[in-house]
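Kindly produce the complete structure, drawing on both the sequences and the hints.
In the order they appear, the protein sequences are chains A, B and C. Counted from 1, the first sequence has number 767 at position 16 by the working numbering; the numbering is strictly sequential. Counted from 1, the second sequence has number 7 at position 25 by the working numbering; the numbering is strictly sequential. Counted from 1, the third sequence has number 310 at position 53 by the working numbering; the numbering is strictly sequential.
A portion of the hints provided could be inaccurate.
To be verified - The following residues of chain A were derived to be distant from chain C, with all beta-carbon distances above 12 Å:
(1) D790
(2) G800
(3) A804
(4) S811
(5) G827
(6) P829
(7) K832
(8) E838
(9) E853
Said to hold, decoys possible - Which stretches of chain C does chain B cover? Using the computed rule of at least three CB atoms under 8 Å from a CB of chain B, they are:
(10) 298 to 304
(11) 363 to 377
Unchecked claim - Derived lysine to any residue pairs resembling SDA-like cross-links, with alpha carbons at most 25 Å apart:
(12) B/K62 x A/D856
(13) C/K296 x B/A13
(14) A/K842 x C/K296
In case anyone wonders, no lab produced these hints; they're calculated from the structure. For each residue, glycine too, the CB sits at the ideal point set by N, CA and C.
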Amino acid sequence: MGIVIAHTAAVHEGANQAVNLGLEAMKRGKRVGFFLLSDGVFNAIRGSGDVAAGLGQAISGGGKVFLSEEHLLGAGIPGEKLIPGTETVKKAYEELVDLIMEDWDRVIIC
Amino acid sequence: MAMKKKILIAMMHGTYGHHDDCYGAIQLANAIVAKGGEVTLFLRSDGVFFAMKGQDPTDLGLPNNLDEISDFLELGGIIKVDSNALASRGLEPGDLIEEAEIMESSLAIELIEQHEFCLTF
Amino acid sequence: MLEEKDKTLSILLLRGPYVSEYAEIASKLALTARKKGYKVNMFLYLDAAWLQHIKEFKSFSNPGDWIKRAMRKGAVVKSCQRCSEARDLTPDDTIKGIEQSGLYSFVDMLAESDRVLTFIG
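Okay, here's the thing in structure tokens:
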């Protein structure tokens, strides 16, 4: 299952819910990937809130958290600020299409 | 083209203040069930307001969501409501139309897996 | 030479241009998926109907340009007729090749899809 997050939790509680959904899926043995792009990359700042904490928890449990490099650069977020274990993706749209079409069986966008 | 798929529509907006979002969601839901598809409306966040009973937007000049919901239910649609979202808005099951089924938030993942696609509104 | 794949991606866009990045994200995904050989459909629903109105050349990156690029690669783009009429978006005032059609068109897209994405914020 894949969860795409494109905004911050402050704008919409969907980001929080999406992460909780992913954690619940992992508890049930599902393989879960998160993909953060647009303003969603702000959720990858270490210590920034519940979404960041949940993403860290997901990584510890074996989940993947991908970050769009072009959006990280655009937002001016330095690498050392990021949650450890996140994977920065150079060609975000190429990777995301591959995940959506060939890897994930369900896609949730929030 | 006949529609045979099972679609979950997760609604996060349910008030007349975001009328186009919720009206657009139920219009799509009704189009899918009318063509033979199966649809579950999953009301989360502010989406729970969509199933309030006794809605009357006459003075707002807007069409009543309950009319669309009635068509949806008649065509076999299902409405599920996130229990946490309901409680955190000070609402109880009795505040909603009786066809709305209250569901534990933790079961959302099962609901997603039971459907082929999840469309978020 | 594009190697066509036997899988279809459909994208339901619900937000208008410029208000957020969603129109660009949806269009760039459509373009990338086409370049990889997937069949791609896009449906412009609710305020996303405005996207078809960005038809003239701009000296800056804009969502109208991205959607035209996706269409040139073979993405099929339709817009909701009712949403278009509600916004006075006439076919002669919109991007050529975007058909204004009823919601059942999107249901048909759903029926033939392997993956469906919705963009709303």
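The hints, checked one at a time:
Not every beta carbon of chain C lies more than 12 Å from that of A/D790, the smallest distance being close to 8 Å; the non-interface claim is violated. For A/G800, the non-interface assignment is confirmed: its Cβ lies about 18 Å from the closest Cβ of chain C, beyond the 12 Å cut-off. For A/A804, the condition that its CB be more than 12 Å from all CB atoms of chain C holds, with the nearest at approximately 22 Å. Residue placement check: A/S811 keeps its beta carbon more than 12 Å from all beta carbons of chain C (closest about 28 Å).
Separation of A/G827 from chain C is adequate, the least Cβ-Cβ distance of about 16 Å exceeding the 12 Å criterion. At roughly 21 Å from the closest C-beta of chain C, the C-beta of A/P829 stays outside 12 Å, upholding its exclusion from the interface. Residue-level check passed: A/K832 sits 21 Å from the nearest beta carbon of chain C, beyond 12 Å. Under the 12 Å C-beta cut-off, the non-interface status given to A/E838 relative to chain C holds; the minimum distance is some 19 Å.
A cut-off of 12 Å between C-beta atoms contradicts the statement that A/E853 is not in contact with chain C; the least separation is 8 Å. Coverage of the stretch 298 to 304 of chain C by chain B holds in this model, with 3 residues showing a Cβ closer than 8 Å to a Cβ of that chain against a need of three. For the stretch 363 to 377 of chain C, the proposed coverage by chain B is satisfied: 11 residues have a C-beta within less than 8 Å of a C-beta in that chain, meeting the threshold of three. Simply put, B/K62 and A/D856 have alpha-carbon atoms about 23 Å apart, close enough for the 25 Å limit, and the pair holds.
Note on C/K296 and B/A13: the hinted pairing holds, with a Cα-Cα distance of about 23 Å set against a maximum of 25 Å. Restraint check: the Cα-Cα separation between A/K842 and C/K296 comes to about 21 Å, which is no more than 25 Å; the hinted pair holds.
The structure does not agree with the numbered hints 1, 9 stated previously, though it agrees with the rest.
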